[in-house]
Structure formats: C-alpha cells, structure tokens
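Undergrad: One line per chain: the protein sequences are L and F, in this order.
Heads up: the first sequence is residues 998 to 1174, going by my numbering.
Heads up: the second sequence is residues 875 to 980, going by my numbering.
Quick caveat, the hints were computed from the structure, so don't treat them as lab data.
Incorrect hints may appear among the rest.
[As the list claims (entries may be wrong)] Over the 12 Å line for every Cβ pair with chain F, so calculated as not near, a few chain L residues:
#	residue
1	His1000
2	Ile1001
3	Pro1002
4	Gly1003
5	Ser1091
6	Arg1092
7	Gly1093
[Said to hold, decoys possible] FRET-style restraints, in silico, Cβ to Cβ:
#	chain 1	residue 1	chain 2	residue 2	range
8	F	Ile945	L	Leu1080	21 to 29 Å
9	F	Ile945	L	Lys1124	18 to 26 Å
10	L	Ala1127	F	Ile945	23 to 31 Å
11	L	Val1158	F	Ser878	42 to 50 Å
12	L	Phe1147	F	Arg965	32 to 40 Å
13	L	Arg1168	F	Gln881	45 to 53 Å
14	L	Arg1092	F	Tyr967	24 to 32 Å
15	F	Ile945	L	Thr1030	26 to 34 Å
16	L	Leu1142	F	Asn966	43 to 51 Å
17	L	Trp1122	F	Ile945	20 to 28 Å
18	F	Glu977	L	Leu1060	26 to 34 Å
Fair warning: this is a prediction, and the values are worked out from it, not measured in the lab.
Note that the Cβ used here is the ideal one computed from N, Cα and C, for glycine as well.
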Amino acid sequence: MKHIPGSEYAIEFVFVVAVLATVAGAALAVLATRIIRSVCGLALCCFGLAGLYYFLHAPFLSLMEILIYVGAICVTIIFAVMLAEPDEAPSRESRGAALGWGALALAISGAVFWGIARLGMNHAWLKPDAKAGAGSVKDIGVALLTTYSFAFELISLVLLVAILGALVIARYGRTKP
Amino acid sequence: MSFSHDQPEIYLALAAFLLAAGIFGLVRRRTLIGMLIAGELIFSAASLNFVTMDHFFVNDPAVGQIFVLFIMALAAAEVSIALSIIIAVYRNYRSIGSKEVSELKG
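Turn these sequences into a full structure, and let the hints guide you.
TA: Structure representation (structure tokens):
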C-alpha cells in the first residue's frame, strides 16, 4: 500500500477526536440537568467508544456499539423520556448542602479514578509472546458457534425472558377493569 | 510519554474515567433514568477495559470481543427491564424521582 505523507497525524487526530468525544459525552451524560441532553451525551460517548474499538482492532465491536447502544438503547431511553416526565424537579436541599454532597461525590469518584488509573498505568503487564489468532470477524463467529455456543444460547434465552418480562411489567395496570 | 493510540495506558485511564463518571452519576442523579444512564457508562467502562486487555495482553484476541458482545446483550436486556419498571413506577407515583419511590408495601 502506498504511504501517504502526513497520514500518521491524521490517524492521531482521529484518535484524539474519539477520546475527546468519549470524555465529553460521559461528562455531558452525568452533568446535564435536562435528561434528554444526558441521553445525547450517552450517544456521543458511544460514538467515541466505537472509534476507540476501531483503534483496538475490533471493527465488529465498533459496529455493534453503534447499532446496540446508539441505535437501540439510546432510542429506548428516549421513548421512556417521552412516556414519563423525567426532568429533575428543582432540588429541595439548600445550596450549601447541594455543594457539599456534590463535592463528596466528586471526591469519591475522583478517588476511584485516581486509584484505578494509577493501578492500570503502573502495573507491569505481561505482553504475550505470540498471538493465537487475529481476532477477526471470522474468528469471533467460529468461537461463538463452537467454544461459546452454550453461553450464546443462554444469552438469547435471557434476551427472550427480558422481552417478556418488560412486556408484562409495562402492561400491568393498563388492563380495563 | 507521547500521546499515541498504540499504548494501553490511555485506554485504561479512559476506562477509569468512565467508571468514575458513572459512579458520580449514580450518586448525584435524582431520577431513575439518569441513574440508568450512569449505569450504562459503567458498563462501557468495563467493555473498554476488556477490549484493551484483549488487544494488548491476551493470546487469543477473540475472547475479549465475545465477552464484550455478551456485555452488550446483557446491557440491552437490563435497559428494557429497567425502563418498563420505570414506566410502571411513573404510572403509580406520577414521578420517577428516586426520593419518591422509597416506600415499600408490607
């Protein structure tokens, strides 16, 4: 393949865009006051994650991330937003208490971030000598139908039960007396 | 340390950030849908960690991808159940604030 000058910078640029989309989407998802904006933040975060999966040599996963998270989960949450009135009522706690609890939550999550990021970065991970496969779509398909076929069938059973359960729960109370 | 897409540290730090954001949202959100979204962020953090480990440190790169596929399927099932519960709660309480739904029958 012909080498295009400047392509490394373009690749790094796309990577930075994916990282920024993930970070900004996650921040928007937890900080926005209107719930519909936080759903949009979740969608943005999932697009960024799909780009990161592509950089990690998992193109099938990146496609599935967009299909399932953006296409199914975000749309379902938007349906629920339309059916219920999800906007947060103005807080009844005083300004000082809100600031205090917010600072406490920020401290807890900051500690979690600091600890786990430090652990991940400083641990001497062992690199394997040789890769057994390429992790291509074909490998995934073969493994799904041989090694993991039982788990695959169980997952489909779980999805079926979840659909039935969701129907039953959401229908409860709507029958005519 | 240069900023490159070919080293695991950035992905691991990003997964830790997603987990922290999810925990912050779970603690601070006052509606059930907001808490559900924060839970999805935690699922995403786990998935990103799995794919990173799978790409950099594991012999067979198909294993982590399959696990992440299972995580996605379970997340979809969880969201469908949780949203139907939220709608049932809204029908009973006319609200989905987590403070109002604190009574049990018994």
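Undergrad: It remains to establish, for every hint, whether it holds in the given structure.
TA: A quick look at each hint next to the structure:
With a least beta-carbon separation of about 17 Å from chain F, His1000 of chain L lies farther than 12 Å from that chain, consistent with its non-interface assignment. The Cβ of Ile1001 of chain L sits about 17 Å from the closest Cβ of chain F, beyond the 12 Å cut-off, so the non-interface label holds. For Pro1002 of chain L, the shortest C-beta to C-beta distance to chain F comes to about 18 Å, beyond the 12 Å cut-off, and the non-interface label holds. The claim that Gly1003 of chain L is not at the interface with chain F holds, since no C-beta of that chain comes within 12 Å of its own (minimum 16 Å).
Chain F leaves Ser1091 of chain L outside its interface by the beta-carbon criterion, the shortest separation being 15 Å against a cut-off of 12 Å. Under the 12 Å C-beta cut-off, the non-interface status given to Arg1092 of chain L relative to chain F holds; the minimum distance is some 15 Å. Every CB of chain F lies more than 12 Å from the CB of Gly1093 of chain L, the least distance being 16 Å, so the non-interface label holds. For Ile945 of chain F paired with Leu1080 of chain L, a C-beta distance near 27 Å keeps the hint of 21 to 29 Å intact.
Distance hint check for Ile945 of chain F and Lys1124 of chain L: the Cβ-Cβ separation is about 24 Å, which falls inside the suggested range of 18 to 26 Å. Judged by the Cβ atoms, the range 23 to 31 Å given for Ala1127 of chain L and Ile945 of chain F holds: they are separated by roughly 27 Å. As the Cβ distance of Val1158 of chain L to Ser878 of chain F is approximately 44 Å, the hint placing it in 42 to 50 Å holds. For Phe1147 of chain L paired with Arg965 of chain F, a C-beta distance near 38 Å keeps the hint of 32 to 40 Å intact.
Taking the beta carbon of each, Arg1168 of chain L and Gln881 of chain F are about 51 Å apart, inside 45 to 53 Å as hinted. Taking 24 to 32 Å as the suggested C-beta distance range, the pair Arg1092 of chain L and Tyr967 of chain F conforms, at roughly 27 Å. Between Ile945 of chain F and Thr1030 of chain L the beta carbon distance is about 29 Å. The supplied range of 26 to 34 Å therefore holds. As the Cβ distance of Leu1142 of chain L to Asn966 of chain F is approximately 44 Å, the hint placing it in 43 to 51 Å holds.
Taking the beta carbon of each, Trp1122 of chain L and Ile945 of chain F are about 21 Å apart, inside 20 to 28 Å as hinted. Remark: the range hint 26 to 34 Å for Glu977 of chain F to Leu1060 of chain L is contradicted by a beta-carbon distance near 44 Å.
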